[in-house]
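> Using the sequences and the hints given, assemble the complete structure.
Protein chains in written order, with the numbering used here: chain A, 1 to 242; chain B, 1001 to 1344.
What the hints contain is simulated information worked out from the structure, not anything from laboratory work. Model, not experiment: these values are computed from the prediction. Hints are supplied without guarantee of correctness; some may be wrong.
As the list claims (entries may be wrong) - Here are some, though not all, of the chain A residues that point toward chain B, as calculated from beta-carbon distances under 7 Å:
#	residue
1	76
2	82
3	87
4	92
5	101
6	104
7	106
Said to hold, decoys possible - Sample of chain A residues facing chain B (criterion: CB under 8 Å; computed from the structure):
#	residue
8	67
9	69
10	90
11	93
12	100
13	148
14	152
For each residue, glycine too, the CB sits at the ideal point set by N, CA and C.
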Amino acid sequence: MIEATNIRAGYGDGADILTGISLTANRREIVTILGPNGCGKSTLLKTIAGYVRPRAGTITFDGTDVASVPIHEKVRHHKVGYVPQTDNVFGTLSVSENIMLGARLLGRQEKEKRFDALMRQYPALASKKNRKASALSGGERQILSLSRALMAGPEILLLDEPSAGLSPLMMHEVFDAIAVIRDTENLCILMVEQNAFEALGIADRAYVLSLGQVALTASARDLLDDPAMRKLYLGAEIEPAA
Amino acid sequence: MPDRDRGGHFYSGLQHRPIAGCTTPSLSHNAGSSAAASAGIAQTEKSMFQFLFDVLIRSVDLALIAVALSAVYSLIKFPNVALVQYAVVGAFVAMSLHAAGLPLLVAGFASALFVGLLAVVFNILIFERLLKSDSAIALIGSLALSMILSAVFLLAYGPTAYRFKLQVSPAMRILGARITDHQVTTLVLTTVALGLFALILFRTSLGREMRATATNGVLAAATGIDTRRVTNIVVFLSGMLAALGGITLAMRGSVSIDLGTNMMLPVFAAAILGGLGNALGAVVGAIVIAAAETVITNTNIGPFIGEDFYFLPASYAPVASFAILVVFLLFRPRGLFTSEVNRV
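As structure tokens, then:
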């Protein structure tokens, strides 16, 4: 589904932040990208999304070269949904307007059908659908942002630190929602996350980055089960999920 | 060519202020009998309606251009000074087309379309490039464009003022206020234009995209919105609004190369008062500025300086804009509507 090969990328005239990264992600799979601050996780996601144009390397979605396709065209023509880390809702618009922004290319009936389905799935949003998005809590905003991305019926979902700024309770809710989306929507989900332990709890595979390169790739279960890898790449004596 | 103005300095909306200006002092002179008192009260009511109507007319003078300025600011985050000159382009082009034989409505619409397209061309050729450096650079660029346009007007039309060749009919009296048919036309056109703009903004998917792009352009792109296309649509609509503003001003007075410069201060004051970027807030800003200007020029300050009657000349009106602008910049730089929720 997503195949990135030997990606080199950076900002402006600055040095390369990604120095030859390759990764793959498939349908019905959550792939998480982990690593310390500054290792290039978000830059990699932004490059795949189309915010940053790679200086070298190829990015394909289902075999189609999309390396130089900007984000708005990827969303419109390549069925990509992107959820940024912060500022991920339109605060001046109502909850339903936010969601409907994701459905611009759909027919009227399809819009209503999907909207109703999302409202049933996330009743917390349904009860606030006429409120401004700026009035929502952090967790509700994250769910709203996910809902907006899902409205367009994406095949690829790119999530930039979905747990950023959330309380532990809300973080669990958001991760549970992401796992449900993978299982029910048959999506390919690529997720950058600081909270490695929680991310590995729902992910199928993981890439651990270091200094702009892939330092390790493994299944999430293997990464969680191997104490040496956990200590080396996740930086803590964390306990695997039960 | 359009008619040259023989009437001296143009300042539409303020022309009949001395008539409207006879306010409360007349009451004290006529307080001898109840009949005289009733007449005095009636006169005061007439003056009040005239005052309100003057404020309304001055508001619509400012509103279209202020809304245009604010709408563009909401997307490209710099105040485009050249917008006031787009109003002058609109007035000159409409006047020339009308003089060439086109009906006024057709000439006005064609001119607004032309200015809308011109605004998009300037945005693509100049402002998109300057904004890659800095918004301050873009602001200076817009000032330079404004001066270039002024020079072009001077070359094409010279320094004199021009008027539309329109039939002049006697003023109507509504609730004692003196109202001309051109003022009514201006009110209707402005209301329809602003109503349509609000309809697009709040009742269409394009409007939702415009508001989303104004709120967060990066996120809008991540939602699949072509933010460049949306920005250019807003620039186009703003150009049309500014042109219409210039045309309605010229319909009730005249147009000269000074029009843009004269409008700059009150328009900016209205837009800042409404909260730069809040397009419909600019309408409220325009009403406040218009009221302040009308009060300054319609108030009899004679008793304060030992005279029976003394009214400040219309040229003092910008003092109100300036004073309000300075006060708001100092104490409420985000305007009357500081809530993020109210911004569009």
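> Taking the hints in turn, state whether each one holds.
Taking the hints in turn, this is what the structure says about them:
1. 76: Holds - the Cβ of residue 76 of chain A comes within 7 Å of chain B, reaching about 5 Å at its closest.
2. 82: holds, 4 Å
3. 87: holds, 6 Å
4. 92: Result: holds, 5 Å to nearest chain B Cβ.
5. 101: holds, 5 Å
6. 104: holds, 6 Å
7. 106: violated, 11 Å
8. 67: violated, 17 Å
9. 69: violated, 12 Å
10. 90: It holds, given that the least Cβ distance between residue 90 of chain A and chain B is near 5 Å, below 8 Å.
11. 93: holds, 6 Å
12. 100: holds, 7 Å
13. 148: holds, 7 Å
14. 152: holds, 7 Å
Comparing the model with each earlier hint shows violations of hints 7, 8 and 9; every other hint is respected.
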